[in-house]
Structures are given as C-alpha cells and as structure tokens.
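Dock chain E against chain F, hints included.
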Amino acid sequence: MDLIRSHVMVCGGTGCSSSNSGEIIKEFEKQLAEKGLDKEVKVVRTGCFGLCQAGPVVIVYPEGAFYSHMTVENVSRIVDEHLIKGRVVKELLYKEAVEEDNTVKSLDNVDFYKKQKRIALRNCGVIDPENIEEYIAFDGYKALGKVLTEMTPEEVIDVMLKSGLRGRGGAGFPTGMKWKFAAASKSDKKYVCCNADEGDPGAFMDRSVLEGDPHVVIEAMAIAAYAIGADQGYVYCRAEYPIAVKRLQIAIKQAREYGLLGKNIFGTDFNFDMDVRLGAGAFVCGEETALMTSIEGKRGEPRPRPPFPAVKGLFGQPTILNNVETYANVPQIINNGWEWFASMGTEKSKGTKVFALGGKICNTGLVEVPMGTTLREIIYDIGGGCPNGKKFKAAQTGGPSGGCIPASHLDIKIDYDNLTAIGSMMGSGGMIVMDEDNCMVDIARFFLDFTVDESCGKCAPCRIGTRRMLEILERIVEGKGEDGDIEKLENLANTIKATALCGLGQTAPNPVLSTLKYFRDEYEAHIYEKRCPAGHCKKLLTYKIDPAKCKGCTLCARNCPAGCISGKVREAHYIDTTKCLKCGACMEKCKFGAISRS
Amino acid sequence: MKSLAELAAIRARMIEQVNLRKDDNIDTRIVVGMATCGIAAGARPVMLEFIEELKRRGIDNVTVAQTGCVGMCRLEPIVEVYVKDQEKVTYVHMTPEKVARVVNDHIVNGRPVEEYTIGAQG
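Residue numbers (this note's numbering), protein chains in the order written: chain F, 6 to 603; chain E, 5 to 126.
One chain only, chain F, in its complex shape:
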C-alpha cells in the first residue's frame, strides 16, 4: 500500500487553470517521481479555493501551507525544501499568511477567509472532484442514504421548508415551497432540473461548485427527485464552462457505476438518472421557462406564467428547477438538520451566500458569507478594498437585473429583502466593485448594451424598449444628451418593468433606475454641463498641456499613439485636440504634471 504522508492540492478551477496550473501539476508529478517521492506524496487537482487573485494556488497538507502565484519554476523549490526537508518555503507563501515575526498563520486566520463560512463551497479545494470516493469520505451521499431509508417525501419537504432555504439563483423563492407545489401535482412523469446557465457578467459561483464539487449537485437532485416523485433529472449548463461540464459528466458516470444513480438506489424502489444539456450561452436561457424550452430542443424563448413549472414544466410535466448553489446546500441541511441551517443568517434569509467579487477590488475571488454580513465587511475585510488607494464608489449586485449599492449603504446587512428595499437585488451573486474612476452612466450603458444584445425579441417592451433606452444612454455619454432625457429614461424603464414578458425584460431597466436614484448628479453633469465627473467618458474629455510646467522633454510626444503632440525639444508642447484619442498615455508618462484632463 502507498504510504501517503503529504497531499499537494493544486487548484484546477477555471481561473487557476488559465494561469497554467495544469503545467504545475505535471511538474510536481514529474519531480516527485524523479526524487522517488511519488509513493508518499499525492498530487490532487481540486476545485476553486476562492482566492483567484492569488492564483495559481497550491496548498500542501498536513501543514496547510498556502502557496500563491505559483509558477512552474518554483515547483522544484517546494519539492526540495518543503516536501523533502520539511521546511515551508515562506517567501512563496501567500503574503498575508506570514506574520511579521516570521511565523505562519493558518488559512482560517487570513483576512480573506476569516469572516467566511463555507457551506456551499465546503468541498471546493478540499477534494478531488473527479474522485467519487473522496466526496464519500467527506460525508457524501450520506444525506441521500438517510432520505431514502429513513424519511418520507413529506418529511424531506418539511425539512426544506423549515430550513428557510431560498433560491440562490436570484429571485429568492423558498425552495421548500417549490418542492411542495411540484410534489402536489399529480403526474406519472416529473422532472428535476438544475440551472447552471450562469449568465450574469462577473458571476462564477455556480461554475466553481460544479468544478470543485460536482457530486453535491447530483446528490441534491436525487433528494429533490425523491421528494417530488421524479425519476429523471437534467442539468442545463452553458457550453462555455468546459471544465465544469467535463467534471459533471465524470461525476455522473461514477455515480452510475456506484449505483447512486440508476435503479433501486440503496436497495429501495427509488429510481433516478440524470443527464447534462448544454446551452449555447444565451442569457435568456437562464430564465426558467426559456431554459426548459431549450432542454426540449426548441428555440430558447420564455413563455408567460402561470402555469408555473411545478404544474406544467419540462415536456409539459411537473418540474422543479433550482440553481446550482441552492442544491449545494441541500445535503448538508439533511445531514445537520434544518435547525442548524436556520440558525445562520437573518430573519427571512437563512444560511450563507456565495459572492463572486470582481472589478476594482484587491482580492478578486469567490467568497461565502453568512446572510446579514455587511457590504463593508465583504468589500474591506474580505476583499481588501479598492486597489491603489482609490475610493469606493458603488457595488453592483445582481448583474444586468440588479442595481448599484452606493457607499452610503456600505453598512447594510446583505440579505434578499434589504437589497430589494434599496433598489438592487441579490441576483445570482456577482458583485462588481466600482471606484471613483468608474462613470455610473457608462456602467448603466454597459449593462443595457448587454440586455439589448441578449433580448430574445419575443415581446415588444424588451425588444424595442431597451433598445431605445440604450440609444438615449449612448447619446448622453457622447455629450449629446438633452433636457428631458432623464424623464424619458424613467418613463421607458417603468413601462418595460410593468409589461415585459419574462424576468429578463422586467429587470433590464434596473441598472438605469438604481444609478439614477443614487447618482442622478452624474447624469445631470453629462447632460447639462457636458462633463463626466469620473473622467471616464472619452468624448467629454480634453487633454491640455500647461506651457508653464512643460519642460519640453518630448516624452509625451514619443508615447502618443496618434502622433498629435507637437513641439520642439526644451520648448512647451501642444496637443492637437482634433486628433487626440483621449487615451491618457501622455498624462501617465509626464514627469512634471504638466498635462491635465478636464
């Protein structure tokens, strides 16, 4: 038998994979084999650890040493020093893990992880996602066994209801209610679906769960199937997530081999099997009715509700559809009891929520915090604040369906109801941080550009209305805004909200409405003063050289990509504003602060 004394966990999530963690794994395996250590040190490719900013990430157990920004070249140092001689290579550790007195602190005490509580992400970065037995070792499939042998479907639904779990896809509908409705629908055939069509720009928590812990989704779907009386499941995943799809397919294959999918699971008369359906990345296919239409092989378009999917869903049969992260909570609620889950979070939002931190933030990555954590804790304590000492301006949650949370609401306790109350929404959990250099009008334009692009075109308010709104916003950022534009925007937004067919259209105006609510002055500055307070909108900027400060060093002229700066050596230079691209390169390069922007 192999005598494994140390595990080298290398992150194989999309983030770290794209910065070459695959090569790092190969190098570890090669060097360990060369040095004869391959029988005592095991290399494991895991899912995402969350701290994507510091990737590629490697953790060596039993010490729990957290190496960040790994390179293939540094592998030999870890093998020679750490794995052979047992000396942790401190200078390669994640900077914050090394204390001032040169001792190493454990991962749980690092700022990024200290305030986190990992439930949905429990196994991400801890197990080998391509090995079902490792999942079983961490209590995997125990909940399914318990449900099938000890509980009735009604009891399962009752536990879900009492736990207070709400849909993590964004809308926050109570999961137990959904299951209850589907269980009450009479039919010979029912379906269980999983929404893994994570389309919000900047959101990647579902991907990480599928990549790091695919079996949890399979187990939870089987539990849901038992609760409502279904025997077939589908995971609808976007084809842009190749690693997630591959690991999920491996997981399904393994579960079948172990008899955890198929007929007579755990010796009972419960049968369940599932398949993966790939989406081509249309945003609207994240909407439940469009998603099911797409699984049926038709063009992904929404349809009016009711009838709700719990009554008439996939192939016209009762269906439940939950998000990946929602499912990731289910087995643990069964194992630990609803009381455990309901003890976390706020009054109406229980448990934890995973957020994908992105944008102007030091620690880009994936964080899971209890509901009710303040925005300030997420942005500053966990995320490390905005880089380069810039000032925090707003956080955008909920993607194109959500809104902005301005700095004045930094201390809001994050849960479904509080976010809705201030005009944003939980959404799937993308959190894009913006600093003083971001123009809020342009942010609204960006998100609307996205929804116009992704509108399926079935209903007029969304197809035509969002297009008109985008045109107005484009005019404003180009300095051609007119008096009355703000009112037109508001009017259109409210009409679209009230009349669009599906969730995509109804929420599309949210980014505009919430930026108007909190940053109306920026809109007004663009329209009436033709200036962009954040200095972002290029059409509204002019660059100028102060002749008194210019030393004529020619540095700006040499760096100008448009060649629009002229002047002789040791004489003041001049920018031809008609040719200027407004890229700002000259201002960055000038050593004398002679160039200004207005």
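Each hint should be verified, as a subset may be incorrect.
Capping the alpha-carbon separation at 20 Å, the derived lysine-lysine pairs in PhoX-like fashion look like this [what the hints assert, rightly or not]: (1) K543/F <-> K584/F; (2) K463/F <-> K485/F; (3) K554/F <-> K594/F; (4) K522/F <-> K549/F; (5) K147/F <-> K268/F; (6) K194/F <-> K317/F; (7) K554/F <-> K573/F; (8) K59/E <-> K110/F; (9) K147/F <-> K6/E; (10) K268/F <-> K6/E; (11) K59/E <-> K47/F; (12) K90/F <-> K40/F; (13) K6/E <-> K258/F; (14) K151/F <-> K59/E; (15) K88/E <-> K44/F; (16) K584/F <-> K573/F; (17) K554/F <-> K485/F.
Far from chain F by the CB rule (all over 12 Å, computed), these chain E residues [stated by the list, open to error]: (18) E10; (19) G46; (20) G75; (21) T94; (22) H97; (23) R115.
Quick caveat, the hints were computed from the structure, so don't treat them as lab data.
Ideal placement from N, C-alpha and C gives every residue a C-beta, glycine not left out.
Frame of chain F, contents of chain E only:
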C-alpha cells in the same frame, strides 16, 4: 449502491486518505528532523516506518511531518512528538526498529519511552 453499510465502508476506507486535510481531528504530531544532518543519519527510513506503523494500526488522528535542523546534529535522527495539551517529547538517535515501541507505548498508551529520549541519551 445497495445499502448504507456499503456507503459507510467506502467512507471508512477513504477517510484515512483524506484525514490529512482536516485540521480538527489531529491530536498528535510526529515531527521528524529532515535537514541534511537528519537525512544523512537515516531519518527517512525512520519517518517511513512511522507512517507504516500508524497505518498498520489504523491510527488516523496522528500526522507525520518533517522539520529542519534543530541544532543538535550529533543526536540525529531526532523525532519530536507533540501530543495535544502535553509537553513535547524529543527522541534522539532514532532507528526504524525503535519506532514500533514509540507508537505502542507513547502514541497508543500515552507513556513516553524514557530510555529513547534526549534526557536519557543526550
């Protein structure tokens, strides 16, 4: 999967393979000096013997780790045993043959092997 017992069997078999990654159930650490001096004096066979002995006995709440030079190179191979809430015990001039007794007396029964310690041999 036909029964819960089958699932429990897989879990029991796998748990020792992943235990290294759980910090909370580690009560005892066996640390082997593996600097140049330790390796030259034969620390590797000692460490491997520890791992094998623990495995043989099915002990899963003990980790075997390595460390650098403690400064007493003439006493290598040196092995330090840290039991939770107890004072560290340092064994010197360790050999693979001595390992079984350390595991039996100290790790399992909680009685350090006095005659192998630095106090007796240093």
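**Report entry** Unmet hints by their number, sorted upward, for this structure
**Finding:** When the structure is compared with the hints, numbers 2, 4, 8, 14, 15, 17 and 18 turn out to be violated.
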